[in-house]
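S.K.: Use the sequences and the hints to build the structure in full.
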Amino acid sequence: MKVIAIALLAVGCANDPEYIPAPMNLEGGMMDPMTMELVQPKGSLTLPVKTETADDAKTRGDLAAKLGVDVPYVKVDDLQVSIEWTIKNLDDMPGQAKIQLNGANEYFAYDPSMLDFSGGDDEAPPTPGLDGDVPIDVPPGGTVQGQFREDQVLEASIDLDMITRGNINPFAATLAVNKNDQQFQPVMQVMPTPQDPDPAPIPVGSPIPRAAFAQMIRLDLVFKPTTHMVLEYAVRVRDIRGIMDDMLLNAPPAELTQFMPADYSNMPAAM
Amino acid sequence: MRVLSVVAAMAIGTLAAPAFARPASTGWYAEGGLGAVAYLGKVADDAAVGPSLDIRVGRDLFSWLSVGVLVAASSHEATLPPPPDGQWFQLYRGGAELRIGGRFDRLALFVQGGAGAAMISSNVLEKVMVTDPGQHFSIAFTAGAGAEYQLENRHYALGLGADGFVIPGFDSMAAIDARLFLRYTY
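Protein chains in written order, with this note's numbering: chain A, 1 to 271; chain B, 1 to 186.
Facing chain A, from chain B, some residues (calculated, C-beta under 8 Å): (1) Pro-82; (2) Pro-83; (3) Pro-84; (4) Asp-85; (5) Ser-121; (6) Ser-122; (7) Asn-123; (8) Val-124; (9) Lys-127; (10) Pro-133; (11) Gly-134.
Calculated directly from the structure, the hints in this document are not laboratory data.
Note that beta-carbon positions come from the ideal geometry of N, C-alpha and C, so glycine has one too.
M.R.: See the structure below:
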């Protein structure tokens, strides 16, 4: 039996996908009686990554010493992540919905609703999410399916690292395609002002190479429907490096890395 | 009258001739089959019919009894309620089999049964509780029947087979694996 199992394992691919269902569905689009605004629920899912082994920690330390920058435990090419979603319109009216993708790597969490890059300009657009926010038409009683593809989540991971560790403006990071970048240059954080709405970035520190790009380990979705809708989603992960726990979210907490990313803040540098 | 006598004699001679048994090798054999696996019961709602590949190697112990090993793989679209949608998974099976059969001239019939293990490539069916968290392996049982047509070359035969298999660890997943195969006997 064991021999057969090993033979079958050899046949199977090491990076076959695993599916992690969302902890809960997101239901929104109803009027909140307190705020008189439409409910826009948020959902969050942290990937079940095993605790780091001593060998992995040593390898990471050696790489950090060689590169001269912090190297995260979970890097962008360790996992290929996509998010499959289904929206159900529970209303008898056609509606629209947007899904905004945000998240956290092991260093920082990015929540654009807590960030202000307007520079005091009342007409400035809100701080962007990492991906999504595309209007989706949902017919009455209908269902629409879609996904954030692997390359979109990869792009979002790199944008998140560029914004948080690199202090690159979120608009610049999210509007450019960075998924094939081999490095980025951190800059000094400078707040735009009405007098200087587009301050020139000032490079600081060493460039961060791709080998040290941090992968998103927490996926945050903001669901913005215009009518009563439910968003159901599942995360699909191809574990290239073999760092996910086999039991996924059912794994004992002691076997999982407890990531504690700091909330990213765009406190301006004194200029 | 003479002509009729000759024709009658030829007809009797033809009918009385002994049946010519087409020669077929026995001994070590290898089989390769292509076909399809279709799930039965509840799992049929969550996994579509998919192509399969079977490879068998064995030994004829007697003209009527063989033992062998099997490895098989099939690929299926998961048709469970989304999300996820349009995802595929692979089912790998392996095990040992016992085959009993008989030959009738160029046609041979057999029944077979065996046990082994199965592996599913992903946890996509966990949502519908076919697999448990972290589970990828289970024991598997198989039973089936088939027919072989012996070709002119005594080493080769073409055949049709169908196996039913049950995988108790995957919520008693049951399926039919139907295949067209080529057998080579050394």
